[in-house]
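Protein sequence lines, in the order shown, are assigned to chains Y and V.
Taking our numbering, I'd label the letters of the first sequence as residues 1 to 208.
Taking our numbering, I'd label the letters of the second sequence as residues 1 to 206.
Worth flagging that the hints you see were computed from the coordinates, not collected in a lab.
Hints are supplied without guarantee of correctness; some may be wrong.
Restraint ranges, calculated between C-beta atoms of paired labels, are given here [as the list claims (entries may be wrong)]:
#: 1; chain 1: Y; residue 1: E94; chain 2: V; residue 2: R78; range: 35 to 45 Å
#: 2; chain 1: Y; residue 1: S185; chain 2: V; residue 2: S68; range: 44 to 54 Å
#: 3; chain 1: V; residue 1: L85; chain 2: Y; residue 2: K102; range: 11 to 21 Å
#: 4; chain 1: Y; residue 1: S126; chain 2: V; residue 2: S105; range: 51 to 61 Å
#: 5; chain 1: Y; residue 1: H124; chain 2: V; residue 2: S105; range: 48 to 58 Å
#: 6; chain 1: V; residue 1: P111; chain 2: Y; residue 2: N176; range: 28 to 38 Å
#: 7; chain 1: Y; residue 1: Q76; chain 2: V; residue 2: R78; range: 36 to 46 Å
#: 8; chain 1: Y; residue 1: D24; chain 2: V; residue 2: M47; range: 44 to 54 Å
Every residue gets a Cβ at the ideal spot worked out from N, C-alpha and C, and that includes glycine.
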Amino acid sequence: MDPSEVEFVAEKEMVTVIPNFSLDRIYLIGSATCRTNVPHMYRSADGYLCVQGDLGPFNPGLPVNVPVWLALNLKQRQKCRIVPPEWMDVEKLEEIREQERKEDMFTPMPSPHYMELTKLLLNHASDNIPRADEIRTLVKDIWDTRVAKLRLSADSFVTQQEAHAKLDNLTLMEINTSRMFLLESLNCMYKLRTNLQHHGGTAKGQEY
Amino acid sequence: MSESSEHSADDELTPAELIARLEEAWMNEKFSPELLENKSEIVECVMEQLIHMEENLQRVKKGDIKASVHRMEIDRIRFVLSSYLRSRLQKIEKYFPHVLEKEKSRAASDPSFLSPEEFAFAKEYLANTETYLKAVALRHMPPNLQTVDILKAVPEPPLDSFVFLRVRERQENILIEPETDEQREYVTDLEEGAELLQDFQSCETS
Chain Y
1 MDPSEVEFVA EKEMVTVIPN FSLDRIYLIG SATCRTNVPH MYRSADGYLC VQGDLGPFNP
61 GLPVNVPVWL ALNLKQRQKC RIVPPEWMDV EKLEEIREQE RKEDMFTPMP SPHYMELTKL
121 LLNHASDNIP RADEIRTLVK DIWDTRVAKL RLSADSFVTQ QEAHAKLDNL TLMEINTSRM
181 FLLESLNCMY KLRTNLQHHG GTAKGQEY
Chain V
1 MSESSEHSAD DELTPAELIA RLEEAWMNEK FSPELLENKS EIVECVMEQL IHMEENLQRV
61 KKGDIKASVH RMEIDRIRFV LSSYLRSRLQ KIEKYFPHVL EKEKSRAASD PSFLSPEEFA
121 FAKEYLANTE TYLKAVALRH MPPNLQTVDI LKAVPEPPLD SFVFLRVRER QENILIEPET
181 DEQREYVTDL EEGAELLQDF QSCETS
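Looking at chain V on its own, in the form it has when it is part of the complex (with noise of 0.2 Å):
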């Protein structure tokens, strides 16, 4: 069994770092406003992961301690991508038109924030969404007020919401946005380590 094979496929990522940017996109899909980049080099590989070793137990008699420990693994794992799969869900549940108009004018080579999937789902969502509209409330309206204008009709993503975020690498210069006319605009320098609270804009940018 030629183990190289398998070992390319993690890509250079030890299965420990794959585990942990899977937790750490996890985290970040829960607490961010907004969609994010769709992590799906990461989804796949821990997918093989998971699936190795499943077919690993199988093979294994049943009863013994180690199988047992393997397979708690397996259940943690595979919680943390449920749960991030479905907070993905959520948001393009929720902000349906906003997303499927970011992918649409996305340049060519910038990476995708759907995955294929995830892209079908959004469009059968907007495509029954509509449908449901039509069917329930619009043919009943006079002619000229048959249409509903999907992107205003659904609120945006709220990016001016806090979040608290934890820094990696020191960044200088981050500008705040002032929110009445008595502040300024400020700049602040960020240390590592340090744990803020601060609008979901200004950290976009930085």
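Pulled out of the complex, with its shape left as it was, chain Y reads as follows (with noise of 0.2 Å):
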């Protein structure tokens, strides 16, 4: 998968922002805050078929939820500032590669999503960011602890030649830096092995 389209999923997160302008409610088909509601579809009053879910409504300083998409969105029209994410501070943060640099498997992470988010907020709303070159520094520290972790143990995989792995609590980002590498030698390994256990056998999957 392109880094992109990791960014691509990590945009639906919702991030809290407060707005300079007003709205009232926008009606979105995906919304993520209404997975538990009952959908009905209405007429509002503007005009719009409205589907399902709901933003809003927009009042000039009062903080609002919307996902990390439209929160860049209306920062780069300057229409609201960005409010961080709780576990984006940098007590908690430092918390955290404490914790991970302890451990040999991976802990939680406060957001399956933390680098994406980390490098979207801090790019576009640094000035919302308390502290943002230290947070940057913390998680840039986070994250390569894990992928260390996670190039030992895929090296570990390898050479001891097992037929499966429990990964918990990676994050998609984490696992797509090594997943092209990983799978495309862990099959061309799986052929030649068993290709060694049945001389004469059809081989399938004749690749050139």
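Hints are included, so try docking the two chains, each in its own frame, into the full complex.
Here it is as structure tokens:
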């Protein structure tokens, strides 16, 4: 998967913004907040056929939850201020980093898309986030630790010829960095091994 | 305007669930080595939603903030839908004889793997490839070598390739095939939420 596609998936996460304009409710088709709501369709006052979910109403100075893709767009049009998520805080991230360094396995992360959100929010809204540079460094440290663990475990997976592995608490972005290489090499090795086992058997999947 | 008739078109799925299913189908299709079952109901429902929204947006004046927000969401959903259909088409092109064979051999009551348009595409692709091979190479060969078995010539989808997967419900006793003679088969239980790396063949059967 392309990293930009992973970022696309991450942009559906919700974040709090403080708008400087007012607007009544917007109803999106795929709003993440509305998985538990019963659907209903009706015609709103300004003639929109509203399908599902709600964002807003937007009032200047009052916080509202929106998906990240919308928050970034509003920020670029200078229509809002972004409030950093509560895990994007220097003390919390330092704790998480220490935890990650101590444990051998992967610890649960505050958000399944912590890396993408950090990058997006720090690139577009660093003026709204206190101590942005420290946060950037901390998140990078956490990322480096986890990716190093992933490399080690991939290495042991290959050398011990395991058939399956358990990887809890890994985020999509981390898996994605090693996905193509790891899967292709595992497939290659599998083909080599099974051909050794079955001399003269029909070789499937001849790739040129 | 009768809202209830539009509501029933969703088949008791909320639009948010519909989009979530589309995205799940998209990710599954991207990462699995072979063509998965066709989710034409989801595709059709999503197309309906998009067309509805587009019609609404035509009627409203431009420059509205709401219109641009709705438009952005439509673009996002359209991207997922096109990417899903595109990865299916890529797989059909790659494994076309096997796909057609599978479709031919399924029972009438089983859900089909290909939508009608995809089926037509696959057949056309097969016919075009055969014509091409004949015109370019086969007719210059000695008469007894002029046929080619397309099923053997095109590689099968690699069902033994490894995949990352996330478990949604607890499964018990999944059999992992041994790769070498020294290893034995073993069974594992899959807990909900676990993410694993294992070969596709054992996922298929579980």
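Checking against the hints above, which ones are violated?
Failing hints, ascending: 3, 7, 8.
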